[in-house]
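Q: Each chain, letter by letter, is given below.
2 protein chains.
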Amino acid sequence: MSGERADRAGPDWIAVDWGTSNLRAWAMDAEGRALAETASPRGMGGLAPEDFGPALTAAVADWLPPAGLPGGLSDPVPTLVCGMAGARAGWAEAPYAPVPCAPLDPARAITPPGADPRLDVRILPGLSQARPADVMRGEETQIAGLIARRPRFDGVVCLPGTHTKWAHISAEEVVSFRSFMTGELYALLSTSSILRHGMREDGAPGEVSPDAAADFAEALDTAMSRPESVAGLFALRAEHLLNDLPPSRARARLSGMLIGMELAASRPWWLGREVALIGAPGPTAGYATALEAQGAYVTRLDPTEAVLDGLRAAHAALWEKAE
Amino acid sequence: MSGERADRAGPDWIAVDWGTSNLRAWAMDAEGRALAETASPRGMGGLAPEDFGPALTAAVADWLPPAGLPGGLSDPVPTLVCGMAGARAGWAEAPYAPVPCAPLDPARAITPPGADPRLDVRILPGLSQARPADVMRGEETQIAGLIARRPRFDGVVCLPGTHTKWAHISAEEVVSFRSFMTGELYALLSTSSILRHGMREDGAPGEVSPDAAADFAEALDTAMSRPESVAGLFALRAEHLLNDLPPSRARARLSGMLIGMELAASRPWWLGREVALIGAPGPTAGYATALEAQGAYVTRLDPTEAVLDGLRAAHAALWEKAE
Numbered sequence: 001m002s003g004e005r006a007d008r009a010g011p012d013w014i015a016v017d018w019g020t021s022n023l024r025a026w027a028m029d030a031e032g033r034a035l036a037e038t039a040s041p042r043g044m045g046g047l048a049p050e051d052f053g054p055a056l057t058a059a060v061a062d063w064l065p066p067a068g069l070p071g072g073l074s075d076p077v078p079t080l081v082c083g084m085a086g087a088r089a090g091w092a093e094a095p096y097a098p099v100p101c102a103p104l105d106p107a108r109a110i111t112p113p114g115a116d117p118r119l120d121v122r123i124l125p126g127l128s129q130a131r132p133a134d135v136m137r138g139e140e141t142q143i144a145g146l147i148a149r150r151p152r153f154d155g156v157v158c159l160p161g162t163h164t165k166w167a168h169i170s171a172e173e174v175v176s177f178r179s180f181m182t183g184e185l186y187a188l189l190s191t192s193s194i195l196r197h198g199m200r201e202d203g204a205p206g207e208v209s210p211d212a213a214a215d216f217a218e219a220l221d222t223a224m225s226r227p228e229s230v231a232g233l234f235a236l237r238a239e240h241l242l243n244d245l246p247p248s249r250a251r252a253r254l255s256g257m258l259i260g261m262e263l264a265a266s267r268p269w270w271l272g273r274e275v276a277l278i279g280a281p282g283p284t285a286g287y288a289t290a291l292e293a294q295g296a297y298v299t300r301l302d303p304t305e306a307v308l309d310g311l312r313a314a315h316a317a318l319w320e321k322a323e
Numbered sequence: 001m002s003g004e005r006a007d008r009a010g011p012d013w014i015a016v017d018w019g020t021s022n023l024r025a026w027a028m029d030a031e032g033r034a035l036a037e038t039a040s041p042r043g044m045g046g047l048a049p050e051d052f053g054p055a056l057t058a059a060v061a062d063w064l065p066p067a068g069l070p071g072g073l074s075d076p077v078p079t080l081v082c083g084m085a086g087a088r089a090g091w092a093e094a095p096y097a098p099v100p101c102a103p104l105d106p107a108r109a110i111t112p113p114g115a116d117p118r119l120d121v122r123i124l125p126g127l128s129q130a131r132p133a134d135v136m137r138g139e140e141t142q143i144a145g146l147i148a149r150r151p152r153f154d155g156v157v158c159l160p161g162t163h164t165k166w167a168h169i170s171a172e173e174v175v176s177f178r179s180f181m182t183g184e185l186y187a188l189l190s191t192s193s194i195l196r197h198g199m200r201e202d203g204a205p206g207e208v209s210p211d212a213a214a215d216f217a218e219a220l221d222t223a224m225s226r227p228e229s230v231a232g233l234f235a236l237r238a239e240h241l242l243n244d245l246p247p248s249r250a251r252a253r254l255s256g257m258l259i260g261m262e263l264a265a266s267r268p269w270w271l272g273r274e275v276a277l278i279g280a281p282g283p284t285a286g287y288a289t290a291l292e293a294q295g296a297y298v299t300r301l302d303p304t305e306a307v308l309d310g311l312r313a314a315h316a317a318l319w320e321k322a323e
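Quick mapping for you: the protein sequence lines, in order, are chains A and B. Numbering-wise (the working numbering), the first sequence opens with residue 1 and increments by one. Numbering-wise (the working numbering), the second sequence opens with residue 1 and increments by one.
Derived from the structure by calculation, the hints contain no laboratory data. Note that beta-carbon positions come from the ideal geometry of N, C-alpha and C, so glycine has one too. Any given hint could be a false lead.
[To be verified] Not the full set, but computed from the structure, chain B residues with beta-carbon under 10 Å of chain A:
#1 Y96
#2 S128
#3 A238
[Unchecked claim] Which chain A residues stay away from chain B? Per the calculated CB distances, all over 12 Å, these:
#4 T57
#5 P227
#6 E262
Work out the full structure, taking the sequences as your base and the hints as a guide.
A: Here you go:
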């Protein structure tokens, strides 16, 4: 690497998870350790294509040499981006890789226009499925992280979120996957529907407060056995008006109904299988409780560790092999 | 009626349907004919309690004698209000009547504070149900209209709307009822969720465009047999991204999925029964098509005729009997 200074203090490479609502970046050393972390609310949802380059520069500026440095510049810092930045409406489209395939194929990474010359930016693609039609962007990197840790994993991955993903993994490939709108339905119903009156609005659907565990469990059972009862969620409004149902209990029932509907729909995926649940313990507790009650074997993986492991694997494939 | 002028041109009474998002009023003659109609966007949702009196005066001002008329005033005009104006957060609370009961009990009508002295305003109560908890305000008046026309009706009434109501009617009473969030779920998903991209946003879920009838029917069948598949509506987003699914077809599939989930949940209500569908033909076409395909015997009633018939019956009970 000509021009690199021996005392260079900057990162060896930069890992970026760029979602719809925020951006997270890590300064990585040559051994793949995260030296520093930064976050920004400038998610893909609020940016025009030409905004991405400057937004990334602003987020990682502390890790870069001065832009106006006279004389020879260092080589640009390898910067790997996963997530919605690669969507059609993002920085630059990284076309989906169709399943069945490995979750990450670094050869499909694209180089977006307008990046800071101090950064060598590559955006990783998401995955698509023809039938039933489905897409993911970002979760494939977490799945790659799981496979990097457990190359022989054969089972199902569940990634709760705005659009929860279930993926069937075998022989280091994503065989098929399905998205469920549980997180978005929960957010819409608890903040924008008639149910918002008398509902505690915070948190993810998988969060279950201890005082409402029985409400969650009962609603979950109802929805798993009669998922059509989700159409009757208006009962929560009536329970508030007529019986002063406490907000934390209303929230737990809504969570239970929506997760129950999802688990009824995903039953063929998790029944009798190992389910690797990728998500923070709090927001995914409801999933773990429900799946274990149904006899699924649940293992857990921290989502930040998963995305970093996935980006480490991609970095090794893209840059270390080339050296 | 002392002080009434023989040449009085005003209405004999006024009928008002005051919902969450708008107000409709009719000037009625002594024979119960609607002489004039007016509408205002000043629904209950946007009004503080003290705003209701002036809002009603403004809506019906053309039908009233001048407010500052010197000398003896006419008797105040009987004015019957149904709908959300009687909610706890409305003009004044008209406490729910618990089912089983007749849909209208004029003795339970309340007199709100702050009405124009030229109006004798009474607000009709809604209905409540203890188990499962449920409430309605406004639909009970349409049900009363159905019963006024067909006193021997024994069957089920379906009133599609933001919160669709199903009610079991027997011996001129509402025996039980259930609310479904189909209309609100449709509005939230088609305008505020990820599905809004690539969705035609207008209309009610029961509207089915002719070019998308097959999509509606297929989605309906899917949701009626596997209602949990509603959790997987994200597929509509993926179909848009991957296969350019036309907006009108995406809309029809969303409609079909949501109405299918409702019909799966309400199956015990409509199976093998007469269903009186109260709603305009366009916005409720999907309900009629689906119910008839399932062998239900569907009859129809215009919603404006229904609410006016209900208010006529209440007017007769409150004022004509008293004279």
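Q: All the hints need checking, so say for each whether the structure fits it.
A: Status of the hints after comparison with the structure:
no., hint, result
1, Y96, "holds, 8 Å"
2, S128, "holds, 6 Å"
3, A238, "holds, 4 Å"
4, T57, "holds, 29 Å"
5, P227, "violated, 4 Å"
6, E262, "violated, 5 Å"
Of the numbered hints stated above, those contradicted by the structure are hints 5, 6, listed in ascending order.
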